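4 protein chains.
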Amino acid sequence: MQILLITNDDGIHSSGLMALKQAVEGLGRIIVIAPDRDNSAVSHSLTMDRPLKVTEIHHDTYMVNGTPTDCVALGIKKILNSKPALLLSGINAGANLGDDISYSGTVSAAIEGTMYSIPSMAISATGDPPYDFHGAGKAARMIAEKILENGLPDNTLVNMNVPPRHKQNRIKITRQGRRLWKDSIHETRDPRGWTHYWIGGGTPIHDSNRDTDVHAVREDFISITPLQLDLTNHTGVDFLKKHWDLKSVLD
Amino acid sequence: MQILLITNDDGIHSSGLMALKQAVEGLGRIIVIAPDRDNSAVSHSLTMDRPLKVTEIHHDTYMVNGTPTDCVALGIKKILNSKPALLLSGINAGANLGDDISYSGTVSAAIEGTMYSIPSMAISATGDPPYDFHGAGKAARMIAEKILENGLPDNTLVNMNVPPRHKQNRIKITRQGRRLWKDSIHETRDPRGWTHYWIGGGTPIHDSNRDTDVHAVREDFISITPLQLDLTNHTGVDFLKKHWDLKSVLD
Amino acid sequence: MQILLITNDDGIHSSGLMALKQAVEGLGRIIVIAPDRDNSAVSHSLTMDRPLKVTEIHHDTYMVNGTPTDCVALGIKKILNSKPALLLSGINAGANLGDDISYSGTVSAAIEGTMYSIPSMAISATGDPPYDFHGAGKAARMIAEKILENGLPDNTLVNMNVPPRHKQNRIKITRQGRRLWKDSIHETRDPRGWTHYWIGGGTPIHDSNRDTDVHAVREDFISITPLQLDLTNHTGVDFLKKHWDLKSVLD
Amino acid sequence: MQILLITNDDGIHSSGLMALKQAVEGLGRIIVIAPDRDNSAVSHSLTMDRPLKVTEIHHDTYMVNGTPTDCVALGIKKILNSKPALLLSGINAGANLGDDISYSGTVSAAIEGTMYSIPSMAISATGDPPYDFHGAGKAARMIAEKILENGLPDNTLVNMNVPPRHKQNRIKITRQGRRLWKDSIHETRDPRGWTHYWIGGGTPIHDSNRDTDVHAVREDFISITPLQLDLTNHTGVDFLKKHWDLKSVLD
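Chains as they are written, first to last, in this note's numbering: chain A, 1 to 251; chain B, 1 to 251; chain C, 1 to 251; chain D, 1 to 251.
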């Protein structure tokens, strides 16, 4: 039977993970390998300064004292005997859109899976708590089936964001937009009176381009963005070759 | 006077940071904002579960108990009064090439700077310890001057890797290659006899394509790769629109 | 109704905590305030470099992202409206005997309670996994009732260790013995080949004095040791006054 | 030549450690083994969930990525070839008096040394920054010489607190007093508006008994308190035997 590997960044006890597991029941043997606690905003962190412990807490459910990326790497190289047919990461409690994708542990787990040539998808429930994990789970299953049937382009993962009020399964294939945050660093004081800075909160400045993930979700569409591993700016390669007179530098 | 912001992921006490600071002396007012300790492989992590403390340990030298990305965000939004003309991240002790770029705290700091529209470059000294930070610093200064003169394409950063034996400043503009690791998870036992897994080490499987960063460095070239913020696989957008029959899903 | 405050160092999800809660049911209103994860060997650590979050996960059950000592301090000063009649810490998975008491988060929570003049007891199930939490819970209830009836001497806590095969509730009031560890530091290597040291394991060198906690437990007795807050060696005060010629130092 | 082992809890880069090292120069071969960063309020914590790395950063100067207690245990069991004649922990930036002794990493390092039968002393500079480490160092040397000459009672360590304005080396042998803190938990909010609690600050409620460490320091005396490993309340043993009718429990 084909294996579906599930992980997340909110930790193994989170309800988004449970919802995802239930939603894809029947599509294969489901194996969960997830962090022992919240790993939000850890991005693509790998734990290299200490060893990691894998604990099988239930049948086919493994807890790791590390990051989502650690979970995927250990899962593929040490825990699973065969390559999963699909990696699902989520369901994240909150959106992963625009620039924020880069910080996301949820998306990074899917990047890690893609590096090992496993079709991978990150799923996030947008909006505010309580999140509609049930609705997001249903949508995730639909797309999971699509991926299992049709595959994904090489070195490409899917980033899916499901808004709470998506009517009639309206779906848009989008590109990653921009989303910067205003007033997202708060000042606080410790008991000795020293200033500290707490990152978070603030107001998002949304990208208004109609083909972006950010815009789709604001219009209550499910957003599906294909992301790639290659970070190269290929037109930039030509630009630098042409405009930087490296010859003169070299002499 | 224009400001050069310097950060890194090896921590504020690392010799690669010192070497970079010395190498660019005279190009502007140099302000260092760096983590208080080693943050290797933290990727683009943001610290959101606790507040951060900024300590000015010398004039224009700030230490932050957080990640490289925290340093850049705090620097731009809270510490600096005006926008830096250039952000330099490094000099990293070891290469940041191919797939490994994605885990790198050094490169992620330059990504963060680029999000704030600051021309940004990550610099790594490849090879083994002791690293040639002096040689890498000289090369970094050369390219820093190029960027200050000519700018960079929008939403684009530079990832620079300097090998120890680069002869006559041989430079190549490259694309990000692939670099996977074989046998990169070691098993060890804790004193109670439980197995733990330690990520790291192993043998790299190099990309042999001649236009890649991985290949350039193996041939003793300095590699300069323009990277972009946009992770979208744009041809993938069309692929999904065409091949996934989302209409049928929706009805 | 009188309040019983329960905490531990193995974390809020541990089965020893559950067992303790069940064992004392009916003795009062039971309020649990415990760390979100394993805090073994944290001793009397206070978290002062970051703020702490208190989450009410069920009615009268609070999770804190800190140490056992943090839990007690926050509980008494911020969460509870009135002073508990009793603080119970445990049931620890493993013994807290002899010199090891000093490292114990379980015992330290009871020390913290005693500082606030709350009658406090630490309970540990000795032996190896699976621990007999049920038996230890029964014994704990018995002694909890004694403390609620008779109180404890000022500035004094109770450290209770319950062996798995204690027959007929055999109990001994003991003093803290010595227990050092042989070969308790193991060497391991990280993936780069560097040596690291892992503390733990080893062979205990037991105190053979018959009135000690260490000895009682080896003989399958339940051990109850009254501990005090005062660390002063009072005979040492006289010794130093007499033998150190401080006058000569001062002139 | 006899070995003096120096450690602390403020970290290997702290100026209190440097001052202590300079102050005892000439008394033996000085070996420093100290934590890589601030470990204030870690108490007697042992690191058991991950291995520890020892780095020799200069001749006879070792940095450990662990607690003060880890440093002493590794030093004695793995780094040093022979038993030190004296262990000195400090100079701590701030007092370690009364109840606060129990939280102190500085004092705990001296407790650990005493467990290995090494004469051990913790030294703290009281008052506010900038601390008078020079004055405290001079006093520490004086007492270190006393200990090297006369030894210490078995299982007994010295806790020394040096106030900034101690005139004419006025010294008192004291007992551990009480020192509780009022208003020592501050509330702060994270960027999402959740309340967090920050332990620290507040106003100490001093013990006014004339023979205590707390009182001595308030009167500008150097305080020297002999502390012991044994936590047993020996009169409590008799109390419990007499007043708890354990016979009835047992039947």
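It should be emphasised that the hints constitute simulated quantities derived from the structure, not laboratory data.
Bear in mind that the values here come from a model prediction, so they are computed numbers and not experimental data.
Warning: the hint list may mix true and false statements.
Note: identical chains are not told apart, hence a pair may lie in one copy or across any two.
[As the list claims (entries may be wrong)] 27 Å max Cα-Cα, derived BS3-like pairs, lysine-lysine:
hint, residue 1, residue 2
1, 53, 83
2, 83, 21
3, 53, 172
4, 138, 78
5, 241, 77
Results of checking the hints against the structure:
no., hint, verdict
1, 53 to 83, "within (21 Å within a copy, 35 Å between copies)"
2, 83 to 21, "within (18 Å within a copy, 44 Å between copies)"
3, 53 to 172, "neither (40 Å within a copy, 39 Å between copies)"
4, 138 to 78, "neither (31 Å within a copy, 42 Å between copies)"
5, 241 to 77, "neither (40 Å within a copy, 33 Å between copies)"
In this structure, the hints that do not hold are numbers 3, 4 and 5, in rising order.
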